[in-house]
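Residue numbers (numbering that gives the first Met the number 0), protein chains in the order written: chain P, 0 to 284; chain Y, 0 to 544.
In short, the hints are calculated from the structure, not lab data. In this text, a Cβ means the ideal position worked out from N, Cα and C, and glycines have one as well. Treat the hints with care, since some could be wrong.
Where chain P lies over chain Y, by a calculated footprint (3+ residues, C-beta under 8 Å) [as the list claims (entries may be wrong)]: (1) 120-127; (2) 310-318; (3) 351-362; (4) 437-443.
Just so you have them, the derived chain P footprint on chain Y, three or more residues with Cβ under 8 Å [as the list claims (entries may be wrong)]: (5) 273-286; (6) 321-332; (7) 386-392.
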Amino acid sequence: MSGGSYYVPATSKWPILGSLAVGTMMVGTGSVLVHGRGTLVMGLGLVGVLAVMALWFRDVIKESRQGLYDAQMDRSFRQGMGWFIFSEVMFFAAFFGALFYVRTFALPWLDGEGAKGVAALLWPDFTASWPLLDPPGDVAGPVETFSPWQLPLVNTLILVGSSITLTVAHEGLKEGYRATTRNWLFVTLLLGISFIIIQGVEYYEAYHHYGITLQAGIYGATFFLLTGFHGAHVIIGATILAIIFIRVLRGHFAAENHFGFEAACWYWHFVDVVWIGLFLFVYVF
Amino acid sequence: MAPKLPPHHPVEQSTSTAAGGQAAEHPAPPRGLMRWLLTTNHKEIGSLYLIFSLTMFFIGGIFALVVRAELFQPGLQLVNPEFFNQMTTMHGLIMVFGAIMPAFVGLANWMVPLQIGAPDMALPRLNNFSFWLLPVAFTLLLSTLLMPGGGPDFGWTFYAPLSTTYAPPSTTFFILSMHIAGISSILGAINIIATILNLRAPGMRLMDMPLFVWTWLITAFLLIAVMPVLAGVITMMLLDINFGTSFFNAAGGGDPVLFQHLFWFFGHPEVYIMILPAFGIVSAIIPTFSRKPLFGYASMVYATASIAVLSFLVWAHHMFTVGLPLVAELFFMYTTMLIAVPTGVKVFNWISTMFRGSISFEPPMLFSLAFVVQFTIGGFSGLMLAISPADFQYHDTYFVVAHFHYVLVPGALFAILAGVYYWLPKWTGHYPHLKLSQWHFWLSVIGVNLTFFPMHFSGLAGMPRRIPDYALQFADFNLASSLGAFLFGASQLLFVWLVVKCVRGGEKAPARAWEGAEDLEWSVPSPAPLHTFEHPPTFRPDTPH
């Protein structure tokens, strides 16, 4: 709690423009999905959202560099980012919960196990297994699934490695070694981009050689739900890192005052931890 | 009934160094519409939330009255069953996400900074964003009613496969609108937590905070924990509908019951999101008008926290009849019953606060007392529903409808009305008209009980919910319910008139508008100036709670 006066920002046009852009994007998205047209509206909305984010963050960066923010403002940003990441954790928790529920309860019950095994009456020939290659009803399952010890393992090493290189960059910033920060942040960014490319290769393989598609029963659905949203978060995280990299080049961060950098680190580590969960429960077990 | 307002003892307007009213170097806000579109002021945003909520309350109310008009007599009278389904669904969605939740957020925006001595919310621009997402979300949601195939018609719980395989095409738009509303809630909740943890007046410890602030801190945590789960489950619906996934389709190895688990993992904490701030409001009002400190402050805080923790462990009590293993039936039955313990603590504390108090019955107190009594009725019927073997009889009957309307209407809504009456003098500088307030109160109490009490009986006798027609033996109960609903709806028009009157004039209120009111908001002038507490006030915890 500060002793002086508080910082209260002036009015801003970004929130209202942001809401309108979000609305436009959603109307466009819905229209594309339901009516098969409206790509332009969706695109406009998306561009609007990205533009508002860029301009809004630009204002915040400006204010920060003008020294308008005190320690209290800094704490508000930290708490805001922390709770935002917690909300993301819960978002993924729902998907992991769905995966565990299907594997532990739904499929064994469909196979006739336990008190709720009457569900086996629906498809008497069904045998539960995971990965589920042969769904009970009239749905084609995947042909085969990935070995975790090839591309997924490489991706795990890349992402865990990128968390380490990012920490090195952060330590460099705290110690005032500008070159260390710049170089290791660049390496982190490259690792992030490699992860995205490898994941793209894997998706191509999944669709063209493994028969793992969104429509391939519950295995395909959970596979793409978890890896897809994780991949989207890696793309967001890499974008954040790229912006932070530019800001590092411009000398925005001081050794003792660099919350933008730290927030990007938190986000990246979060994405990394989610991947470890994915690697274990989607690929290995 | 006390026929007159409380004695207005002259109270010094500002107790500490710079409590409110300081015209500092703020640039003049933009004029007209732009002022409201661009504002970053917690009081203006709070007012926007409250006005939005009131609008949605009337829209959702009209949908409810369509339902009640159809159910006035047996047989199909006014609307076809498809439209009836859309009305029950939209009524629920609008009231939960558009009326009750934004009303509490509006009250939090107005009162949390004033109660903790903060100049504004921690992240004021984000605050404006959170608000303006709501009109976008609900315009989109309401527009689904006009789309081919109609709007959502699967109940506000939108169970799969009704909401996936058998849903109207507009469901995709419904999902996207819920995404927007969810983003709004999460960002709003983050803001509230950061404000409470970070902007308290120097010297105010967590255990010095007013209970409204405490309950909102815990509510905001619940929001951040469960709104993403809702986002997750509606995303899975979106994929099932548009991309051929099998999450809720057993033929592909999924499970429709999975939808219910995920939905209620969100849904049950959601129920407490709609009642915990109500507890906070009532815990502010009852001590004020009993002229006694709140009985058991610490136990109130711990009870609120326990309810929040338990809310994550009870979700399947909404699903007792869906086909759960016996061990799940037992587990969720016992955890649900446990919730009665902290809730009982709260009711006990409110009553003990009044015990030997010097009670007066101004409108906020009337609504709070009605809250305690009627919320307890809803709590007890909840306890009946918690008993798994008994629930097999009650499930999906009007008994359930009676139960959750008792906790949401004479519960949550009455607490909101109590809070509005309590803080209107602070917002407008005028007392609401006393006689009209009393009329509003009594008409609302009679209306609400006439509407929902008979539903207990029709439900126990077996009348199913969400059906536009019913057997003849339920006719009298439904006639009473429909009359009550129209009475209740009409008396809320009185409330609107009363608020407008209060904004425009009325008996002047001093800074400490109510004699027994203790919290920091009463140290700033009435009406509260646009900017308050620009310098942190000194807080002395000299009145032990």
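**Message:** So, against the hints stated earlier in the document, which numbers end up violated here?
**Reply:** 2, 3, 4, 5, 7
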